[in-house]
Amino acid sequence: MIKFFLMVNKQGQTRLSRYYEHVEINKRTILEAEVIKNCLSRSKDECSFIEYKDFKLVYRQYAALFIVVGIDQTENEMAVYELIHNFVEVLDKYFSRVSELDVSFSEIHLL
Amino acid sequence: MPAPIRLRELIRTIRTARTQAEEREMIQKECAAIRSSFREEDNTYRCRNVAKLLYMHMLGYPAHFGQLECLKLIASQKFTDKRIGYLGAMLLLDERQDVHLLMTNCIKNDLNHSTQYVQGLALCTLGCMGSSEMCRDLAGEVEKLLKTSNSYLRKKAALCAVHVIRKVPELMEMFLPATKNLLNEKNHGVLHTSVVLLTEMCERSPDMLAHFRKVRQLSSSQLVPQLVRILKNLIMSGYSPEHDVSGISDPFLQVRILRLLRILGRNDDDSSEAMNDILAQVATNTETSKNVGNAILYETVLTIMDIKSESGLRVLAINILGRFLLNNDKNIRYVALTSLLKTVQTDHNAVQRHRSTIVDCLKDLDVSIKRRAMELSFALVNGNNVRGMMKELLYFLDSCEPEFKADCASGIFLAAEKYAPSKRWHIDTIMRVLTTAGSYVRDDAVPNLIQLITNSVEMHAYTVQRLYKAILGDYSQQPLVQVASWCIGEYGDLLVSGQCEEEEPIQVTEDEVLDILESVLISNMSASVTRGYALTAIMKLSTRFTCTVNRIKKVVSIYGSSIDVELQQRAVEYNALFKKYDHMRPALLERMPVMEKVTTNGPAEIVQTNGETETAVLETKPPPSGLQPANQANDLLDLLGGSDITPVIPTAPAIKPACAGGELLDLLGDLNLTGSPVSAPAPQIAQPPFLLDGLTSPPLFNDVAAGIPSITAYNKNGLKIDFTFERSNTNPSVTVITIQASNSTELDMTDFVFQAAVPKTFQLQLLSPSSSVIPAFNSGTITQVIKVLNPQKQQLRMRIKLTYNHKGSAMQDLAEVNNFPPQSWQ
Chain A
1 MIKFFLMVNK
11 QGQTRLSRYY
21 EHVEINKRTI
31 LEAEVIKNCL
41 SRSKDECSFI
51 EYKDFKLVYR
61 QYAALFIVVG
71 IDQTENEMAV
81 YELIHNFVEV
91 LDKYFSRVSE
101 LDVSFSEIHL
111 L
Chain B
1 MPAPIRLREL
11 IRTIRTARTQ
21 AEEREMIQKE
31 CAAIRSSFRE
41 EDNTYRCRNV
51 AKLLYMHMLG
61 YPAHFGQLEC
71 LKLIASQKFT
81 DKRIGYLGAM
91 LLLDERQDVH
101 LLMTNCIKND
111 LNHSTQYVQG
121 LALCTLGCMG
131 SSEMCRDLAG
141 EVEKLLKTSN
151 SYLRKKAALC
161 AVHVIRKVPE
171 LMEMFLPATK
181 NLLNEKNHGV
191 LHTSVVLLTE
201 MCERSPDMLA
211 HFRKVRQLSS
221 SQLVPQLVRI
231 LKNLIMSGYS
241 PEHDVSGISD
251 PFLQVRILRL
261 LRILGRNDDD
271 SSEAMNDILA
281 QVATNTETSK
291 NVGNAILYET
301 VLTIMDIKSE
311 SGLRVLAINI
321 LGRFLLNNDK
331 NIRYVALTSL
341 LKTVQTDHNA
351 VQRHRSTIVD
361 CLKDLDVSIK
371 RRAMELSFAL
381 VNGNNVRGMM
391 KELLYFLDSC
401 EPEFKADCAS
411 GIFLAAEKYA
421 PSKRWHIDTI
431 MRVLTTAGSY
441 VRDDAVPNLI
451 QLITNSVEMH
461 AYTVQRLYKA
471 ILGDYSQQPL
481 VQVASWCIGE
491 YGDLLVSGQC
501 EEEEPIQVTE
511 DEVLDILESV
521 LISNMSASVT
531 RGYALTAIMK
541 LSTRFTCTVN
551 RIKKVVSIYG
561 SSIDVELQQR
571 AVEYNALFKK
581 YDHMRPALLE
591 RMPVMEKVTT
601 NGPAEIVQTN
611 GETETAVLET
621 KPPPSGLQPA
631 NQANDLLDLL
641 GGSDITPVIP
651 TAPAIKPACA
661 GGELLDLLGD
671 LNLTGSPVSA
681 PAPQIAQPPF
691 LLDGLTSPPL
701 FNDVAAGIPS
711 ITAYNKNGLK
721 IDFTFERSNT
731 NPSVTVITIQ
741 ASNSTELDMT
751 DFVFQAAVPK
761 TFQLQLLSPS
771 SSVIPAFNSG
781 TITQVIKVLN
791 PQKQQLRMRI
801 KLTYNHKGSA
811 MQDLAEVNNF
821 PPQSWQ
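Respectively, the protein sequence lines represent chains A and B. Mapping of the first sequence onto full-length UniProt numbering: position 61 corresponds to residue 61, and the numbering continues sequentially without gaps. Mapping of the second sequence onto full-length UniProt numbering: position 509 corresponds to residue 509, and the numbering continues sequentially without gaps.
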């Protein structure tokens, strides 16, 4: 099951967040900060799956934006990795050459 | 009041904020504006305000005052209002707020709306945050929508149904009839969501699972074949632009179907059989050049491993994993290592083939991969590859990150204990671990190690020499120093006398030894426990060394005034020993006896017999310490059919009597005979049968089958019970008895139950029997294994009770077994 879906930039600002389980609002910011710290410390050669607390993070970097999805043990990590890419392709089609600004400004939630 | 700014403006202004404080200020100003606008009940701009509020909520600021506004938006007729309203509801509301129940009516109306988009919105919201009450009220509507022909609505309804089932499992039955036709759709969206719905149902309720597995006659609606058909179409069909992802048709659906097949096939032979072909097809036909193909293969492998697949398929799956391991992409290697870890229990041999690749992964740069490779390597260590694996693992321990070192060290200790080919190798390995990762070793490893060293009597000189050399250079690693001080204290005389068979003996004087122990005592790096060890060691050396007793006395008296209470107490007591009880000193500080090993992790007994608590040891130890090694010598030499041995009180070199044990192990381990002439002739006589015993018949432990004669424990009324014995050399107080029950009458004996009782000083463990029927005419036997723990080496006696049915009547008998051969319990 997917627990959450985040788009965070390198400075730690959240561009999009969608939680599929209830998380307290102050815990969300802490969670996002920790997650981005974990992802930033990985080099390019390392694999995209990190074990964090009791679930796994699947992340993918697109220019200055990190897309991170938190999943639990039952999910297929590679399928989620593909899902992230699919999502980005959809955004690309919708905005024709999407960039971070598009993500911030548009009502991407509705998508 | 001027019109509230649009969302874009807000975002733009927030982006210009350079500090967190500025941003907060802007947001607070905007919140105030929004709040006053809400109070004015302005319909036209409500939508805009709520959108801004949602943005601020996403950034992490509180936005609960917007909840009621969301409800008002939902109730409005405009689509844009509804859209924002539902979005707000999904983000801001959840079942903890009381307000959400007010939404129920709105959603109900919207579910029956004429526009499908509105219906879709309502379904989404319900599926996202519906509480159990809402779900119960609205489940009927959802079910109705599940049956419509509109595929847009159908897929949303299916997802909503998943949420309803999660919240209110009792409603699952309601959705069952609707699922019958779900898989007949062409639309992939609907297919995907229906598969999700079916997966959820099967996971939640075993009844549902059974229902779906059932083979229905003449019906084309059997689930497994339907799924197989859909999957086949996906693979075989040509290029379809709307579903294509890098050349593969709708991989997400494929993965989902594979997962559902996994759940259906688990523990079920019929379903598994139906799936075998398609799984093989997917496994061979999928392209592996892109990540997509690999994702599908990964899911396929997981499915094959979980269901009752045939062995050819399993081998195929493991080969796929092996191929993954060789791939350059890190993600794939990580995934392969994870799956291999799951399967190593069941398909051990197949995974062994890939051992060298796994060991290579230990050298990878990536942390996640290294961790997985380490866990997998430990799972793969066995008696055959232990030397090679250990070399690699020790090298890994050298170079890995600190967070791994503790786990790795513990793993190495466990593996070494189970599979050590020889004592010398075991000690070498442990020393290597102590010197490389000494400070990360767990505290209870120290007593275990000490106990191991005392057990390997012939290695004492070698061990103490190596330990001495190790701490000469560096005495900062506490566990290493503790073990070394203990050993030097015990075997210092061996060190000084320069006798060492395994290595070049080094010339050490007594003064040098005392120097090193004193520097450990003085050093700031030593923990207080370590200092305790060092002080005790110095004291013990007073009986072993001859010329430096005065120096020892001086050291001990200095510490009589130490600040550390523990040290002070010890020093004062030792001082008293020198002054008033000097006549007792040699007896008290004699060599420690071989310690009993209780369990691998058992701390209690070992800690008590540890050299540390010598103050408690004062009264009891000297007489038994002489007997123990001699007893061991007795039974081992008996086994070899050697001559009778008189018990030897161990003083300085206690190597000779108990050396025989080491001989036997060395024979089968390294095949090089070392040292002591006493027992050398004996092994040569008895050698051939033991080697053959050890190699041909598979022993219960990885040790020698000791050739103890078997006995007939009971023989009455045609029922005969034989006992055969095995002893373990790693734990001399455990005897394993295998009973064989045979029946020489002309009728079978059924419901045979064997029970045994032993005197209080023993412990008994009965494993389960091979069966409960003894066939007639001695045509078969029942075997059962009994383990007896005999720590005090008393004569083994057993009372047995047999119950069985024979010739239609129940029989019961009690008997005592007294004819145990001495070798089975000594």
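None of these hints come from the bench; they were simulated from the model. Incorrect hints may appear among the rest.
[Stated by the list, open to error] According to the in silico footprint, chain B covers these stretches of chain A (three or more CB under 8 Å from chain B):
1. 25-31
2. 46-56
3. 59-72
4. 75-84
Note that CB positions come from ideal geometry on N, CA and C, so glycine has one too.
I'd like to know which numbered hints this structure contradicts. Please list them from smallest to largest. Violated hint (a single one): 3; every other hint is consistent with the structure.
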